[in-house]
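Student: Each chain, written out:
Protein chains: 2
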Amino acid sequence: MEQDTQKQLKEYRDSIDNIDAAMVFLLSERFKITHKVGVLKAENTLLPADKSREAQQVSRLRKLSKEADLDPEFTEKMLNLIIAEVISNHEKIRDSKKTS
Amino acid sequence: MEQDTQKQLKEYRDSIDNIDAAMVFLLSERFKITHKVGVLKAENTLLPADKSREAQQVSRLRKLSKEADLDPEFTEKMLNLIIAEVISNHEKIRDSKKTS
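Top to bottom, those sequences are chains D and W.
Sequential numbering of the first sequence, starting at 5, is according to my numbering.
Sequential numbering of the second sequence, starting at 5, is according to my numbering.
Incorrect hints may appear among the rest.
Copies of the same chain look alike in the list, so a pair counts if it works inside one copy or between any two.
What the hints assert, rightly or not - Think about it this way: if two alpha-carbon atoms lie no more than 16 Å apart in a straight line, the pair counts; the simulated EDC-like pairs of lysine to aspartate or glutamate are: (1) 96 to 80; (2) 96 to 33; (3) 40 to 15; (4) 96 to 75; (5) 14 to 58; (6) 36 to 89; (7) 102 to 33; (8) 70 to 8; (9) 81 to 8; (10) 11 to 33; (11) 67 to 8; (12) 36 to 15; (13) 40 to 21; (14) 102 to 47; (15) 81 to 58; (16) 67 to 47; (17) 36 to 18; (18) 96 to 58; (19) 55 to 77.
The hints are simulated quantities; they were obtained by calculation from the structure and are not laboratory data.
So that you can see chain D by itself, here it is in the shape it has in the complex (with noise of 0.2 Å):
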């Protein structure tokens, strides 16, 4: 490889170095968030899951990939996991109130 090329290349990966470093950092926060969440729906008896929830987040985050050039498709699919372990978390929470 060329030394430019080397050198463009490192300069673009510490950039998504420090995107994906951000993104850490904010998953951390948002999982706090749905622990608290699901702490919530556990005392007051709600279902871990929530369909009509759930779509309107992938309908406003479609919507927001569109706006931002980022494939809606992609997008879905992260969220999508995000939604299996938070309702994977919630069924946790869930479970150890009932037998606490």
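Mind docking chain W on chain D? Use the hints.
Tutor: Leaving out everything else, chain W in the frame of chain D:
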């Protein structure tokens, strides 16, 4: 649902929505940069995938996740989803260069 619970749930969801919007815009920036990486790789006949770079990314983000109290397994799943999309985009860029 009691009014207090409903109000609290809305407050949490408003914050989740803000974080999700921030992540969409960060992802958009990330894909802008990886697009440039794809072009650079195609122009310099570098392979779309780079296993050693990927291993570094996984290891760094797992470490950052632990610091941020985020499940590193989850972060790795997210990163794998992103990397798969990026490699697929790089391959498309490479193939379009071949035919043009």
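Student: Hint by hint, note whether the structure agrees.
Tutor: Hint-by-hint comparison with the structure:
no., hint, result
1, 96 to 80, "neither (24 Å within a copy, 21 Å between copies)"
2, 96 to 33, "neither (19 Å within a copy, 35 Å between copies)"
3, 40 to 15, "between (39 Å within a copy, 11 Å between copies)"
4, 96 to 75, "between (32 Å within a copy, 15 Å between copies)"
5, 14 to 58, "between (38 Å within a copy, 14 Å between copies)"
6, 36 to 89, "within (13 Å within a copy, 27 Å between copies)"
7, 102 to 33, "neither (26 Å within a copy, 44 Å between copies)"
8, 70 to 8, "neither (34 Å within a copy, 35 Å between copies)"
9, 81 to 8, "neither (36 Å within a copy, 33 Å between copies)"
10, 11 to 33, "neither (34 Å within a copy, 20 Å between copies)"
11, 67 to 8, "neither (38 Å within a copy, 30 Å between copies)"
12, 36 to 15, "between (32 Å within a copy, 14 Å between copies)"
13, 40 to 21, "between (29 Å within a copy, 15 Å between copies)"
14, 102 to 47, "within (10 Å within a copy, 59 Å between copies)"
15, 81 to 58, "within (13 Å within a copy, 20 Å between copies)"
16, 67 to 47, "neither (33 Å within a copy, 33 Å between copies)"
17, 36 to 18, "between (28 Å within a copy, 14 Å between copies)"
18, 96 to 58, "neither (19 Å within a copy, 32 Å between copies)"
19, 55 to 77, "neither (19 Å within a copy, 25 Å between copies)"
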